[in-house]
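If you want the building blocks of each chain, they are given just below.
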Amino acid sequence: MKELNSIDEHLFKEIVSKSKLEMPFPDFEDNVMKQIEAKRTSKSPITKDIKLSWIFFVIGSIFGIAISYLLPHMDQSLFGIKIETVTLIFQICFALLLFGQLDNLILFTKKNLDNSLTKPFAF
Amino acid sequence: MDEYYIQRVLDGDADSFRFIIKAYKDMAYSMAMSVVKDDLIAREVLQTSFVQAYINLSSFKSNSKFSTWLYRIVINEAFKVKKKEIRDFIRFGNLSVFTISESDDLTKKIDEDEQKYYINKAMGMLSSKESLILRLFYLEDNSIDDITDITGWTNSNIKVILHRARINMSRILKTDFKLDPKSLYI
Chain A
1347 MKELNSIDEH
1357 LFKEIVSKSK
1367 LEMPFPDFED
1377 NVMKQIEAKR
1387 TSKSPITKDI
1397 KLSWIFFVIG
1407 SIFGIAISYL
1417 LPHMDQSLFG
1427 IKIETVTLIF
1437 QICFALLLFG
1447 QLDNLILFTK
1457 KNLDNSLTKP
1467 FAF
Chain B
367 MDEYYIQRVL
377 DGDADSFRFI
387 IKAYKDMAYS
397 MAMSVVKDDL
407 IAREVLQTSF
417 VQAYINLSSF
427 KSNSKFSTWL
437 YRIVINEAFK
447 VKKKEIRDFI
457 RFGNLSVFTI
467 SESDDLTKKI
477 DEDEQKYYIN
487 KAMGMLSSKE
497 SLILRLFYLE
507 DNSIDDITDI
517 TGWTNSNIKV
527 ILHRARINMS
537 RILKTDFKLD
547 PKSLYI
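Going down the list, the sequences are from chains A and B. Under the numbering used here, the letters of the first sequence match residues 1347 to 1469, in that order. Under the numbering used here, the letters of the second sequence match residues 367 to 552, in that order.
Hints are not guaranteed to be accurate.
Under the rule of at most 27 Å between Cα atoms (straight-line distance), these lysine-lysine pairs were calculated in the DSS-like manner [unchecked claim]: (1) A:K1359 with B:K487; (2) A:K1457 with B:K482; (3) A:K1359 with B:K450; (4) B:K427 with A:K1364; (5) A:K1359 with B:K388; (6) A:K1366 with B:K431; (7) B:K388 with A:K1385; (8) A:K1359 with B:K427; (9) B:K431 with A:K1359; (10) A:K1380 with B:K525; (11) A:K1457 with B:K487; (12) B:K487 with A:K1385; (13) B:K449 with A:K1456; (14) A:K1457 with B:K449; (15) A:K1385 with B:K450; (16) A:K1457 with B:K448.
No lab work stands behind these hints: they were computed from the structure.
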């Protein structure tokens, strides 16, 4: 084993320096630039959609919270149903929608704007 | 120079990314080849990696080395593709392709192209991790800490792989190719 490891460090550096490979595909740069251009054109609408989704989600959430807060302060009943019952039903529906849609929105955003490229690869 | 082109790309000049590709494609290709051992697959890996690098360029923090960031993307992509690949890689124990006949006089001084050929064949016979670490350490002059940043592997793990890679490389050159490593040193 000692003999196998006998190549000194300097010699090893010389040997490995000859292992640098050159890209054998002359059209490589053009292909990558074409793909980038295609991504650029297809990426902008989806980014815009994601932004809009988040804006409307936040607006909807603010309205939902405002209604949840204001409903119990109403004095009269709604369509003959007691206001406490209406508030409870609204709050349950709102919570279900809020968390369900939040989950979907996060997954959708992650899928399209994947920034996890530089995380170490797990073996 | 990297910062200049990166800033230009971030400012909307996509064509400046071509300079970045030109500067890093050979080393990135060497790394991808270390892992996937196939030139066509390596090209696919690099295409995906460079496109991903372009898309995520805004997340690159300029206080770190761009090459470290880029090589990490390439290596992650290469291992991801390798994991998916079903094809058999030529490894130890399956050396029929590289068997050299006894009549070949390989003890004589061989020329530069032949040296490169045999060294790269030997690199191809090392495991993905071993050839990758050898190239990162000796070709790019990265320190163990730099390699930790690039690969995400631990310091001690890298030292073990490097040690094993040196032994295996020597063994392949001596026993499989019947080459005296000193004959490769001109």
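Structure-based check of each hint:
1. A:K1359 with B:K487: Given pair K1359 of chain A, K487 of chain B holds - Cα atoms ~17 Å apart, limit 27 Å.
2. A:K1457 with B:K482: violated (42 Å)
3. A:K1359 with B:K450: At roughly 32 Å apart (the allowed maximum being 27 Å), K450 of chain B and K1359 of chain A break the hint.
4. B:K427 with A:K1364: violated (32 Å)
5. A:K1359 with B:K388: With Cα atoms ~25 Å apart, K1359 of chain A and K388 of chain B stay inside 27 Å; holds.
6. A:K1366 with B:K431: holds (21 Å)
7. B:K388 with A:K1385: holds (20 Å)
8. A:K1359 with B:K427: violated (31 Å)
9. B:K431 with A:K1359: holds (23 Å)
10. A:K1380 with B:K525: violated (40 Å)
11. A:K1457 with B:K487: violated (39 Å)
12. B:K487 with A:K1385: Given that 27 Å is the threshold and the Cα spacing comes to 36 Å, the pair is violated.
13. B:K449 with A:K1456: Satisfied, since the Cα-Cα distance of roughly 23 Å is no more than 27 Å.
14. A:K1457 with B:K449: Given that 27 Å is the threshold and the Cα spacing comes to 21 Å, the pair holds.
15. A:K1385 with B:K450: Answer holds: K1385 of chain A to K450 of chain B is near 24 Å, not above 27 Å.
16. A:K1457 with B:K448: holds (22 Å)
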